[in-house]
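Trainee: Single-letter residue listing:
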Amino acid sequence: MSSKMSAGSQLENANPVIFQRSVERLLTASEEDEDVHDAIDDREIFDLIRSINDPEHPLSLEELNVVEQVRVKVNDAESTVGVEFTPTIPHCSMATLIGLSIKVKLLRSLPDRFKIDVHITPGTHASEEAVNKQLADKERVAAALENSSLLEVVNQCLSTRSI
Amino acid sequence: MAADSTLLLSLVEEFVSGLQESKAKDAAKGIKDGQFTILQLVEALGLSLTSSQPQTRARGVQLLSEVLQESHGELTEREVEVLIAFYENRLKDHYVITPPVLRGLQALTKSKALPPGSAVSMLRSLFQDVHVQSLMLAERACVYNMLINLMETREAELKGLGADFVFGFVQSMDGERDPRNLLLAFQIAKNIILRGYDLGKFIEELFEVTSCYFPIDFTPPPNDPHGITKEELILALRAVLTGTPKFAEFLLPLIIEKLDSDVQSAKLDSLQTLAGCVSQYEHKDLADFLEGLWASLRREVFQTSSEKIESAALAALTALTSCLSRSVLNSDSDDSLCTFLELVLKDCKHHLCEPDLKLVWPSAKLLQASCSGSNRASHIITAAVMPSLIEQYNSRTQCSHRRTLLEVVQRFIQSVKSCRSSDNDESVFSAYRASLCSMAFSALSESNASLQITATSVLTSLAQQTGLLLDSDVELVVDHLIRLLLTEDDERVSLAVVECAGALSELHPAAFITKLIPRLKQEMFSDQREASEQLSHHAVHQQCMSALAAVSIQPSVVQESTPVLLEVLSSAHTGSVSFSVDEVVLACRSLQRIAEQVQDGEETGRCFHDIIIPRLLSLALQAALQGDKSSDGRSPLVEEAVLSAMVSVISASCSRLQPSLAGQTASRAVSLFLNGDVSFLPDNSFPSHIQLLRKQQEDSWSRSQLVCLLMACVCTLPRSVEVPHMEQLLSELEEMSCSCSHLLSYTSAAKCFAGLLNKMPQGDSLNGLIQRTMTRVCRELDCTSSPVRTQAFTLLIWVAKALLLRYHPLFSALTDKIFSLLDDTDLGPMAADSFSLLMSDSADVLNRSCHADVRIMYRQRFFSENSAKLVQGFNAAPQEKKPNYLKALSNIVNQLPKQVQVTELPALLSLLLEALTCPDQGVQLSTLSCLEPVLVSPPPVLIQQLEALVNRLLALICSPVMNVRMASIRCVHALSHFPAHEVLPFRARVLRALAQPLDDKKRLVRREAVQARGEWFLLGSPGGR
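Here the protein sequences line up with chains A and B, keeping their order. Residue numbering for the first sequence is 1 to 163, as defined by the numbering used here. Residue numbering for the second sequence is 1 to 1025, as defined by the numbering used here.
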């Protein structure tokens, strides 16, 4: 599971397509107004997940186009969030791990009331169904996070990069 | 004499047998004072030195050595010679005697009377008889210090030893483990290399014995008293390894090997060492390793996970290319630069054709790094890549691809600029000039914002190199810039356009004078608007004014641009063209920016002092006189915002431009305000006998507030420039500040008074003035029914600030008055707030750019003199007054430099924690902002109070005020970086508490909560922290 970046180990996809990062959300006057209620919107959810690190590259999921704002849907009133993510190649062995990272990030960052659905963009991965099933299964997600080496990689994906 | 000899004998006895260490000092003193000689000491030591007991002999030698350490300066050459012979002989004695012998020899190496040949003989004995690495740490240091001393004074003699010296040193340091000694040993090795000692056949040995420490891996023990850092060791070793090309064949393979390491710091050290060593090398030193080095460098950039390593690798590549370019070529050898660059091009060039893939940027960076190595390298690289980049740009259709290509091109132009020497060669890019310009123009015409932005920076880069932008190109650029200024609604594009205009107008002012300024003027003052349907009137005005400011760097441009800005003010005043208050303020800001960015020359100085400032004063005065008559439709020039913007223009000019002209401006202003002299003002149709400082029958605020302009004219001068009629001026200002009822007027008068006071020479007249003012102020303050208490307090504060800044001794009387007012029912809260004014920089007066007398560290001084008073006051104050003290405290602490906050925190922590529970939200907020920076590297006392701190912070994250919620969450975030074992016990509680703000109604609060909670989740979790 762990991937090393030294000369010996070859990356699955050494030269992936890079996408531009979106500009920071502009601060509006109403966001600074005490009395206005800012609803949680798609962009806010996207901002939560776009800077998650890819497990292989020193790049964010946004730069690899694994996550896009159009594939994020939130309904604040009904407390639901849906995120579709797109692995860089159809046989990407990291798909489950990436999905898990997104899910964990949302679990840690959103209020309890939300029901969180994370799945692969239809038709973009060979084992789409299996991965989706795994991500939707609460117990399997919980079990995965009990596994400390798995949790370690997830935490690294969620760390703000240093150095 | 006899008495002395008994004294000496008893000293010896007491030291050797009595083991009284202090006697060595006494003996040394005796010699220094001439009481007895070294020879007599040696004689007195006779019995001890010949004792059959090694311990006794050691004690005897020790006494002699300690005395020599104190008195080596007094010795004659003959004495030194004898002593050296004695010590050399003693090196062969029992091992317990070696340590004092070495100390004695070390002392002798410092002697100025060292006889010729003694250095060599000392070292021969040393290398022969002593195995350095079996000595203790201190004795090893002694040996290194001997070598260092002798290298300083006996270089020629040591070089006479030939390679034996190097060999002896290598043997001595082989196996050294102590970091303190290593620093000494590295210093010796560096001297050997840099001062041209003969390495003979021991090059590899010297390399081995030092390079075995590479890369340095050292973590100082906690509480290390020696303070040796890893960085220090790294630099000392690097100086050795990179010191000579003779090491190349050993060092380069070592670097290649260490670059493979997984340890980031090893990689970094290797790359920096590589960059360091090649500056000494020639191409033949590198030839065998180029392929290996390139493979490593490429890997570090292609697969990098850290920016630091990436930039170190790029720097090394640049150094490597420079080195290869420098070497003189032989007819029979290949051009190694070409060979190397072929490698680089082979691996990188094709990636430039894939502008959407990951490796395009690493490849471009590698190529650019090689490019900036030398002129020749940049020719080779650009010839290889530019044609295909240009062709691709023209054939690609996707904006994102074109943008990447354009940005790559821009970086290439930039990279070449940084290596160009002063020669007036044609630019490397001359051949591509036309294509590059047309690329930039086509990008400017696109509707894609990032393409346009990149195009502006391409143009700026082109302009920096001679011959790349022709005059006709510049005209075309100006047309594009005008179009974008007038139509573009994307803020980022506007910003880039304005910046580009500024950069270009500095180099090519003509086109901006003839085209841009007239066009912008026309656009600002015309009623019909054709050009810009997308932009509001206001936006166009805004763009035009910031562009006018940006382009005004050359005096010739300033002459043209400032009249346009002044016309904005006069039209706004007469109402002929409608400009909002905001726009008038903007025009002033532009003038201010120009005054701040122009070079101070006669021409621009005249422009500001003779035209702009009189015009501003005239307009303000017209507006003020008119303001009296009509209340409806008054001129925007009486608004406070406009006046303070004018203050900034005048301050910037008077403080920066032409002191003699500024002095003239000041005396004109003084005679205007004191005597109503309007003769220097343009459009002069003013009534005579205008009185601006004296109280009128009806209180006319629009006139009295003009005093702020007087302040700008007289308080910003360099201290060498004198202000006329000081006495009268000060007395009228004092009168106005204590009697006027209009806030801006009396505050400005107080500030002006204080600004002048701050620069007055020390002496009785100043002291008298302060005392008179204080008496008046206190009289008003002590009379609770006085209608001008607020005014008196305002004057008090500003005078206090003026004196605090210059450390005036009368300051403490004023402080005590302010402290006593913290308990005042009416003025208490104001007094608490005033501490923030005392401690912070004021924008328009009493700051360093106004040439005020500001002593360094006045804040620390104020704090250390008054913090105890504050704590006492707090303890004594009645409950309802306590918040005033807390507010005062947090205002003070907030402004202290962080190092001071950290050291002062222990004494204040309990008060600050108290302040967090104070219901006043202002106090909460300012206390949180004091705490936040301290939490980044928490002092131990904070950790002891962690429980209380966490409780109080968590209580505030549900505050009704969003700023308090955000600041407290940020503090909670900072706590997650405390030592893990200290904060881990709070993890569950904090995570629970932070769940609530995740659902806060404000997005900004949620964002802080998400970040903080994310970090707390990582705490104590695998892969986290």
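Treat the hints loosely; a few may be bogus.
[Said to hold, decoys possible] Using 25 angstroms as the maximum straight-line C-alpha spacing, the simulated DMTMM-like pairs for lysine to aspartate or glutamate come out as follows:
#	chain 1	residue 1	chain 2	residue 2
1	B	Lys1001	A	Glu128
2	B	Lys1001	A	Glu63
3	A	Lys73	B	Glu232
4	B	Lys1001	A	Glu34
5	B	Lys1001	A	Asp35
6	B	Lys1001	A	Asp33
7	B	Lys112	B	Glu77
8	B	Lys349	A	Glu63
9	B	Lys308	A	Asp117
10	B	Lys349	A	Glu12
11	B	Lys284	B	Glu232
12	B	Lys1001	A	Glu12
13	B	Lys1001	A	Glu129
14	B	Lys1001	A	Glu152
15	B	Lys1001	A	Asp76
16	B	Lys308	B	Glu232
17	A	Lys73	A	Glu129
[Unchecked claim] Pulled from the structure, derived: some chain A residues nowhere near chain B, Cβ distances all over 12 angstroms:
#	residue
18	Asn53
19	Thr80
20	Pro111
21	Arg113
22	Ser149
Derived from the structure by calculation, the hints contain no laboratory data. None of the values given here were measured: they were computed from a predicted structure. A virtual CB, placed ideally from N, CA and C, is assigned to each residue, including glycine.
Trainee: Each hint needs a verdict: does it hold in this structure or not?
Mentor: We went through each hint and held it up to the structure:
The hinted pair formed by Lys1001/B and Glu128/A fails the criterion: a straight-line CA distance of about 36 angstroms is larger than 25 angstroms. As the CA atoms of Lys1001/B and Glu63/A are separated by approximately 30 angstroms, the hinted pair breaks the 25 angstroms bound. For the hint pairing Lys73/A with Glu232/B, the CA-to-CA distance comes to about 54 angstroms; that exceeds 25 angstroms, so the pair is violated. Of the pairs offered as hints, the one joining Lys1001/B and Glu34/A holds, with about 9 angstroms between alpha carbons and a cut-off of 25 angstroms not exceeded.
Restraint check for Lys1001/B and Asp35/A: the C-alpha separation of about 9 angstroms stays at or below 25 angstroms, so the hint holds. Straight-line distance between C-alpha atoms of Lys1001/B and Asp33/A comes to about 11 angstroms, which keeps the hinted pair within the 25 angstroms bound. For the proposed pair Lys112/B and Glu77/B, the alpha carbon gap of about 8 angstroms is at most 25 angstroms, so the pair holds. Simply put, Lys349/B and Glu63/A have alpha-carbon atoms about 23 angstroms apart, close enough for the 25 angstroms limit, and the pair holds.
Straight-line distance between C-alpha atoms of Lys308/B and Asp117/A comes to about 38 angstroms, which puts the hinted pair past the 25 angstroms bound. Distance check on the hinted pair: Lys349/B and Glu12/A sit about 22 angstroms apart at the alpha-carbon level, within 25 angstroms; holds. Of the pairs offered as hints, the one joining Lys284/B and Glu232/B is violated, with about 31 angstroms between alpha carbons and a cut-off of 25 angstroms exceeded. Between Lys1001/B and Glu12/A the alpha-carbon distance is near 43 angstroms, which puts this suggested pair outside the 25 angstroms criterion.
About 37 angstroms separates the Cα atoms of Lys1001/B and Glu129/A, which puts this hinted pair outside 25 angstroms; it is violated. Between Lys1001/B and Glu152/A, the direct Cα distance comes to roughly 33 angstroms. Violation of the 25 angstroms bound is thereby established for this hinted pair. Using a Cα cut-off of 25 angstroms, the hinted pair Lys1001/B and Asp76/A holds, with the two alpha carbons roughly 11 angstroms apart. For a cut-off of 25 angstroms, the pair hint linking Lys308/B to Glu232/B stands: about 19 angstroms separates their Cα positions.
Only pairs whose Cα atoms come within 25 angstroms are accepted, and Lys73/A paired with Glu129/A is accepted, the gap being roughly 20 angstroms. With 12 angstroms as the threshold on Cβ separation, the claim that Asn53/A sits away from chain B is violated: the shortest Cβ distance comes to roughly 10 angstroms. Against chain B, the non-interface label of Thr80/A holds: every CB pair exceeds 12 angstroms, the least being about 15 angstroms. The non-interface label for Pro111/A is inconsistent with chain B: the shortest C-beta to C-beta separation is roughly 4 angstroms, within 12 angstroms.
Residue-level check failed: Arg113/A sits 7 angstroms from the nearest beta carbon of chain B, not beyond 12 angstroms. Not every C-beta of chain B lies more than 12 angstroms from that of Ser149/A, the closest at about 7 angstroms, which undercuts listing it as non-interface.
Violated hints for the displayed structure, listed by number in ascending order: 1, 2, 3, 9, 11, 12, 13, 14, 18, 20, 21 and 22.
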